[in-house]
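Going down the list, the protein sequences come from chains U and L.
With the first letter of the first sequence counted as 1, position 230 gets the number 230 in the working numbering; the numbers rise by one all the way through.
Each number in the working numbering comes from the position in the second sequence (counting from 1) with 284 added on.
Check each hint, because a few of them may be wrong.
[What the hints assert, rightly or not] Straight-line Cα separation of at most 27 Å, DSSO-like style, residue types lysine-lysine; simulated pairs: (1) L:Lys436 <-> U:Lys26; (2) L:Lys561 <-> U:Lys274; (3) U:Lys259 <-> L:Lys561; (4) U:Lys259 <-> L:Lys595; (5) L:Lys564 <-> U:Lys274; (6) U:Lys7 <-> U:Lys27; (7) L:Lys561 <-> U:Lys71; (8) U:Lys71 <-> U:Lys274; (9) U:Lys235 <-> L:Lys706; (10) L:Lys292 <-> L:Lys401; (11) U:Lys233 <-> L:Lys706; (12) U:Lys29 <-> U:Lys195; (13) U:Lys259 <-> U:Lys233; (14) U:Lys235 <-> L:Lys703; (15) L:Lys564 <-> U:Lys259; (16) L:Lys339 <-> L:Lys401; (17) U:Lys7 <-> U:Lys274; (18) U:Lys27 <-> L:Lys703; (19) L:Lys292 <-> L:Lys363; (20) U:Lys71 <-> L:Lys564; (21) U:Lys27 <-> L:Lys485; (22) L:Lys703 <-> L:Lys715; (23) L:Lys363 <-> L:Lys485.
[Said to hold, decoys possible] Here are a few chain L residues that face chain U, going by a calculated C-beta distance under 8 Å: (24) Asn504; (25) Pro534; (26) Phe536.
These are computed hints drawn from the structure, not numbers from a lab.
All figures in this text were calculated on a predicted structure; none of them were measured in a lab.
Glycine residues also receive a C-beta, built at the ideal position from the N, C-alpha and C atoms.
In case you want the letters, here they are:
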Amino acid sequence: MFPIISKEILAPTISKFVIHAPLVGKKRKAGNFVIIRVIENGERIPLTIVDSNLAEGTITLIVQAIGKTTKLLCSMNAGDSILDVVGPLGNPTPIENHGSVACVGGGVGTAEMYPITKALKGAGNRVFSIIGGRSRDLVILEEEMRSCSDEVFITTDDGSYGQKGIVTDPLRQLLMNSQSGIKAVYAIGPLPMMKAVSNLTREFGVHTLVSLNAIMVDGTGMCGGCRVTIDGKMKFACVDGPEFDGHQVDFDELILRNKSYLDFERMANEQLLKETASSHEVAP
Amino acid sequence: MTVLNPLKPSERMKIPRQHSIEQPASDRVQGFTEVSFGVDEERAMIEATRCLECKNAVCVEGCPVGIDIRSFIQLILQKDYAGAVNKIREANYLPAICGRVCPQEEQCEAVCTLGKKHMPVAIGKLERFVADYEMEHNLFTPPVITERRDQKVAIVGSGPAGLTCAAELAKMGYRVTVFEALHAVGGVLRYGIPEFRLPRKILDLETDRIRGLGVEIQTNFLVGRTATIDEFFEEWGFSAVFLGTGAGTPNFMGIPGESLPGVYSANEFLTRVNLMKANKFPNFDTPIRMGSNVAVIGGGNTAMDAVRTAKRLGAERAILVYRRSRQEMPARQEEIHHAEEEGIELMLLTNPTRILGNENHTVTGMECQRMELGEPDESGRRKPVAVKGSEFVIPVQIVIEAVGQQPNPIIQATTPGLKTGKRGVVETNEKQGTSRPGVFAGGDLARGGATVILAMRDGKQAAVAIHEYIQSKVQDEGNKAIVSTGAEVVGT
Ligand SMILES: Cc1cc2nc3c(=O)[nH]c(=O)nc-3n(C[C@H](O)[C@H](O)[C@H](O)COP(=O)(O)OP(=O)(O)OC[C@H]3O[C@@H](n4cnc5c(N)ncnc54)[C@H](O)[C@@H]3O)c2cc1C
Ligand SMILES: Cc1cc2nc3c(=O)[nH]c(=O)nc-3n(C[C@H](O)[C@H](O)[C@H](O)COP(=O)(O)OP(=O)(O)OC[C@H]3O[C@@H](n4cnc5c(N)ncnc54)[C@H](O)[C@@H]3O)c2cc1C
Ligand code: SF4
Ligand code: SF4
Ligand code: FES
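Could you build the full structure based on these sequences and the hints that come with them?
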């Protein structure tokens, strides 16, 4: 059992959890993730380790409630426990001093971007960060990102905050501006966003790393469900990734694979709604 | 001693081999209950009577863990079933599992003297009988551990290799911790082999008994990531490590269409059902895609389990596609026979070339080629050769690939100095020692895919070697201690 130490609501659908998992916290590096199972009948899902605290033996997860498992988790509070947490999984992000880098986070992807941004800053890079969200609500971790960036750009689809538009707009500006001297781009967010970023940086020949959120079961290389095509070759996102060269990723294939269980997910969601409606004893 | 069985050998030979009682195929495909009920007491007794009680009991040599088969059969004749199962347990701590999944026809039963002219004694079925009898009648008595030792041993992986090694070391008095990456214990026994061949109740009971020996099992711990082998020695205070991480990484054929949703590795398909209970969706949250027509590629135990599972999930046509002929199929004969009874179609001498999808990107069919058997290859099996122009399409919505597995690379990549051979198989000597002192390995990790009983053999062998290793170190340190205190005395 992995107790939830604290919970903070960052946006209507996004919550931050501090969880007691000392072994994971001790070993995790930027880019690593965990697989969790919230309850006995639950699914195993991957979540990025956003931060850790060695003294407290904790890790931080930031979760967007989109389907049954993430909604269930987001309905939990300090004092509740998560049944299973295993990690740190995946390869850590290669961190080096490129000189100047751009860190692009879209939606909850900003949470996954934050530890990497921090590490890149720590390695001596000049860091330009771009945070994107559909609306003001979904722009998260602005303070944290500012603390480890030289400059921060914010975009919202509806223009409710920052610049109206998408993350590729300021990125294009940065890439065109020789003053910024960007040598590498790190991007995490929805697949269409990472695809757009990769297409853009390809034009400029700037190396780009993206984190692939394939559907996972074990997270240890045992099922092959997380397989992705990189430069025409099959890779397992959980052990070979989750980060890959964005210019080599077959995004369309992954977008398709991630829709494998749409009907089931809808059903599970409806079930959760029904359970919540018919029971007064649901986790508060 | 042999007064127990008054029959003359010639009379014993006349008794026909007893068969298991089985659930009718039409009933069993409705769910996941066990296919075979084993033999009852009466049949077990008749079967035991068939044993010739050979002076030179060759059957024992045929068993990789050296179970004293003749003696346990004699105990059955005395109706001392608890004694019989304890006799088995001396050599193998998981009797209820072996009796069910061990390929006995290739091991002990293959060499049984009675088998030379008649059918061999049904050793596996007797093993299962006494193990089940003990369970039903609550006769289990845990072994007494006479000595407690201070040294700690880490076991990586909770498959049959790891569990056996843990049990043997715990019986010797060591402090043993098993580390398992998944949230549940058992390795392939848990996520691969389906309930209808190995009920979870039995697996749970056997693992509880291993815990009962004082073995600690830590799940959710991926060795190499959560902690490394080096850390086990330097920070965690372990004296030795056994690696039993299996060969869990699935191969894919590399044909077009493999990335379509609806194409699974057998591991993923079986894990979703066996470990995550996707067959009970939405009461369990993990989903699984199904279709009316399912093709499984391969001819081993894994393929057989996948295709029979697909049938139980409601496939109207569950087809096994294998590129050689029936004789070359590596699956156990008994399982092929059961599969056929259940209405599984065997499409032999057939090789898939392409998986086809529609505009919604769901699988609609699998293109295959007919094959012929040519010259024998390195494995001695006749090599299948494609028949030109023989392509045809099977209409299917789900394709499951069971075309081999290899060791998971995490341990090898995070343990400097650990020597590996072909396909990441960890190299071991005859005592299961690896190139790293204090690190031992066995089971599929060292064999690249074998059987439950060979994994157990390795685990047992490694336990003996670990004991020797630790004791020789203890002695060395003792000697050093004497030398150093001696030196101090001289110095002062
Ligand atoms: C390496 C990695 C790191 C991630 N980090 C974070 C994070 O820090 N914060 C966060 O909010 N989300 C993260 N995700 C995504 C998160 O895992 C999914 O949102 C979650 O699994 C959805 O489950 P659900 O039951 O709530 O929704 P569902 O309704 O089941 O699924 C919604 C969508 O999520 C995806 N999905 C479903 N099941 C899985 C699964 N088992 N594994 C992966 N994806 C799945 C599918 O694309 C699906 O269409 C990460 C994913 C990966 C692969
Ligand atoms: C579907 C299927 C059916 C089979 N049927 C039969 C049969 O009928 N009869 C038979 O004799 N054999 C059968 N086999 C083969 C048999 O199951 C294997 O040979 C046997 O399980 C190997 O045992 P093992 O202990 O070496 O490894 P495994 O059983 O593979 O167990 C390895 C364990 O280690 C864990 N692990 C891996 N890496 C790590 C790590 N880094 N840290 C912590 N834990 C880790 C895994 O999660 C797993 O639980 C079958 C195999 C399959 C896949
Ligand atoms: S463990 Fe297997 S080989 Fe050994 S006696 Fe039992 S069935 Fe035979
Ligand atoms: S070889 Fe066969 S007949 Fe002889 S003792 Fe063993 S089981 Fe009995
Ligand atoms: S999640 Fe199973 S192999 Fe990656």
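Q: State the violated hints by number, sorted upward, taking the hints as numbered earlier in the document.
A: Of the numbered hints given earlier, the structure breaks just one, which is hint 21.
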